[in-house]
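S.K.: So you can see what is in the structure, the chains are spelled out below.
2 protein chains.
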Amino acid sequence: MEYRIGVDIGGTKIAAGLVNEEKEIVLKKSVPTRAGENYSLVVSDIADLIQDILDESHLQAADLSGIGIGCAGASDKESGIVLFSNNLGWRDVPLVPELKKRFDVPIHIDNDANAAALGEVLAGSAKGSRSCVMITLGTGVGGGIILDGKVYDGVNHAGGEVGHTVIVSGGEMCTCGRRGCFEAYASTTALIRMAKKAATAHPESRLYQIWQENGDLNGIGIFTAYHENDQTAKDAVAEYLFYVAEGVTNLVNIFQPEKIVIGGGICAQGDVILEPVRRQLAQDVFCKEVSLPDVVQATLGNDAGIIGAAYV
Amino acid sequence: MEYRIGVDIGGTKIAAGLVNEEKEIVLKKSVPTRAGENYSLVVSDIADLIQDILDESHLQAADLSGIGIGCAGASDKESGIVLFSNNLGWRDVPLVPELKKRFDVPIHIDNDANAAALGEVLAGSAKGSRSCVMITLGTGVGGGIILDGKVYDGVNHAGGEVGHTVIVSGGEMCTCGRRGCFEAYASTTALIRMAKKAATAHPESRLYQIWQENGDLNGIGIFTAYHENDQTAKDAVAEYLFYVAEGVTNLVNIFQPEKIVIGGGICAQGDVILEPVRRQLAQDVFCKEVSLPDVVQATLGNDAGIIGAAYV
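Top to bottom, those sequences are chains A and B. Here the first sequence is numbered in the working numbering, starting from 11 and rising by one per residue. Here the second sequence is numbered in the working numbering, starting from 11 and rising by one per residue.
Please note that the accuracy of each hint is not assured.
Since the list gives no way to pick out one identical chain from another, each pair is judged satisfied if it fits inside one copy or across any two copies.
[Claimed, not checked] In silico DSS-like pairs for lysine-lysine, Cα to Cα no more than 30 Å straight-line:
hint, residue 1, residue 2
1, Lys298, Lys110
2, Lys87, Lys23
3, Lys39, Lys23
4, Lys23, Lys110
5, Lys39, Lys160
6, Lys160, Lys137
7, Lys23, Lys33
8, Lys298, Lys87
9, Lys23, Lys298
10, Lys298, Lys160
11, Lys87, Lys111
12, Lys207, Lys111
13, Lys206, Lys111
Simulated from the structure, these hints should not be mistaken for laboratory data.
Given the sequences, and given the hints that come with them, work out the whole structure.
M.R.: Written as structure tokens, this is what we have:
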């Protein structure tokens with residue numbers, strides 16, 4: 011059996027797993043990310059995590075076919091240097107060279123969203139697809155693009171930033187500095203903004219009541235009201251999904267992929283999310299007469315990032 | 011010397027050329043497109059055009075390495091069938107199988123915008139680039155995507171429709187049925203709409219005067235006023251270029267290509283078009299700290315479609 015280790019470096023957590031050639035995680039461990047601290051501490055945490063996995067599996071580094079890293083931001087695949095990562099506060103961090111001092115195996119690196127998309131293609135909801143665009147709806151909107159079975163990330167390894175494509179020119183401010191990005195309309199942050207606005211206009215609504223009871227409003231509260239048939243919640247979710255579908259339609263018109271994979275915590279809502287997106291695609295896609303891609307829910311959750319990282 | 015013939019089928023004109031291995035057109039001929047008539051007439055026109063080129067060059071079909079077709083719409087590359095082409099009014103036209111009855115050489119087909127982009131990569135302003143996105147600003151907005159030296163057009167050969175990505179959700183109606191597409195803001199049609207609106211609000215402007223004198227307003231009139239320093243024309247062009255740059259920034263954030271090539275008649279304005287786009291990119295691109303693509307003017311004009319078609 012061939013083994014690899016995949017490491018998913020997020021802003022709050024570093025997760026690593028031993029992945030077998032069936033693309034299954036056979037052992038998984040994680041530690042909190044010491045974001046903002048000196049990068050050498052984080053590198054040391056990653057190395058210790060990898061060593062722990064090797065020790066518990068009674069493996070040596072030499073037994074691995076490779077180690078792969080999925081890291082938020084942009085990394086130079088050749089040099090293994092993280093060029094920048096806003097989540098980690100990193101600029102030009104020699105992550106792979108440092109790890110190579112500890113582990114004498116091939117070590118590769120790519121963007122975490124790309125790794126997650128590759129994970130879904132290798133072992134998840136897009137298994138067997140040659141082309142797939144994955145969007146992850148979370149605090150932001152991440153994107154991973156798989157073309158011809160491989161991650162596409164552009165000449166500078168910073169491509170696939172589908173969250174930072176403007177769909178409402180002059181609209182809501184985005185974290186990237188532009189106005190009206192897909193992320194500013196399709197992130198859960200955006201859903202909460204739309205729901206709060208709708209609830210404020212309808213203080214009689216169940217949505218408003220939940221907001222007041224909990225002191226704040228989050229995705230769980232919004233979908234609780236939604237499933238209790240609260241019209242205000244339904245309207246807010248419909249508004250949100252219109253923009254999700256608007257951005258997804260753009261991506262279909264550009265890529266015409268086999269599959270669109272939707273990930274992030276919100277995708278647990280399944281067809282509540284997927285059906286309106288599918289309907290809007292069927293109406294709006296440019297060459298709908300020829301074909302429409304499958305729109306599916308990501309199935310691997312956080313494991314996608316680990317499995318994909320192992321194979322970047 | 012190796013020769014190929016490239017054919018560019020547009021809505022108004024069919025242009026074909028004999029292309030040598032230096033990617034130069036050594037002989038070029040064209041005929042009007044009999045759009046809307048029975049497709050067999052158009053196929054016959056194309057075959058005659060190819061035969062004329064062979065005859066004038068004292069070549070036989072067997073001397074060609076291949077024939078390539080760039081055709082508006084979506085075609086199945088494997089079967090050579092044009093699945094649909096709105097410009098030609100075609101559905102499921104067996105173009106390549108019909109041409110093969112006349113010429114016993116390999117015949118390939120792709121979208122005309124993709125062929126033009128490939129032409130610019132092979133012999134024009136993006137020569138030597140591995141990745142390039144070309145947008146053609148005309149009556150509509152065409153897009154051609156070259157990744158790793160090859161045309162990318164998705165699982166159904168209808169990808170790269172970058173003109174039909176919404177940048178102003180709920181905005182101006184687009185020919186595709188959506189509202190707010192890049193095409194509805196970055197085509198010359200859109201520029202004329204913006205200029206007419208600006209001129210109507212400023213009847214004292216030179217722009218308005220040119221419109222009235224000519225009975226209508228076109229790109230030439232708008233840029234005449236622009237170069238005469240008419241503020242109304244300058245404002246309209248600035249508004250238009252903001253949207254051009256908005257869409258180009260989206261494409262850069264998705265693809266991070268080496269080059270962005272801007273084609274279409276309007277690109278003859280050179281830096282008047284390119285500089286504002288470059289400035290907005292330098293401000294708005296997601297990872298501008300890492301790199302920015304070159305934004306260049308297409309240099310081959312209509313020849314790009316012929317040269318690229320020869321090599322699809």
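S.K.: Does each hint fit the structure? Answer for all of them.
M.R.: So, going through the hints one by one against the coordinates:
1. Lys298 with Lys110: Answer is between; shortest inter-copy Cα gap is 29 Å, intra-copy 48 Å.
2. Lys87 with Lys23: Within. Shortest intra-copy distance 22 Å satisfies the 30 Å Cα cut-off; inter-copy 46 Å does not.
3. Lys39 with Lys23: Close inside one copy (10 Å), not across copies (63 Å); limit 30 Å.
4. Lys23 with Lys110: For Lys23 and Lys110, the Cα distance is within 30 Å only inside one copy (22 Å; across copies 59 Å).
5. Lys39 with Lys160: within (26 Å within a copy, 41 Å between copies)
6. Lys160 with Lys137: Classified as both; 13 Å inside a copy, 25 Å across copies.
7. Lys23 with Lys33: within (22 Å within a copy, 53 Å between copies)
8. Lys298 with Lys87: between (36 Å within a copy, 18 Å between copies)
9. Lys23 with Lys298: So Lys23 and Lys298 pass the 30 Å test across copies only (27 Å; inside, 41 Å).
10. Lys298 with Lys160: both (26 Å within a copy, 24 Å between copies)
11. Lys87 with Lys111: within (17 Å within a copy, 49 Å between copies)
12. Lys207 with Lys111: So Lys207 and Lys111 fail the 30 Å test inside a copy (52 Å) and across (64 Å) alike.
13. Lys206 with Lys111: neither (50 Å within a copy, 65 Å between copies)
Going through the hint list in order, the structure does not satisfy hints 12, 13.
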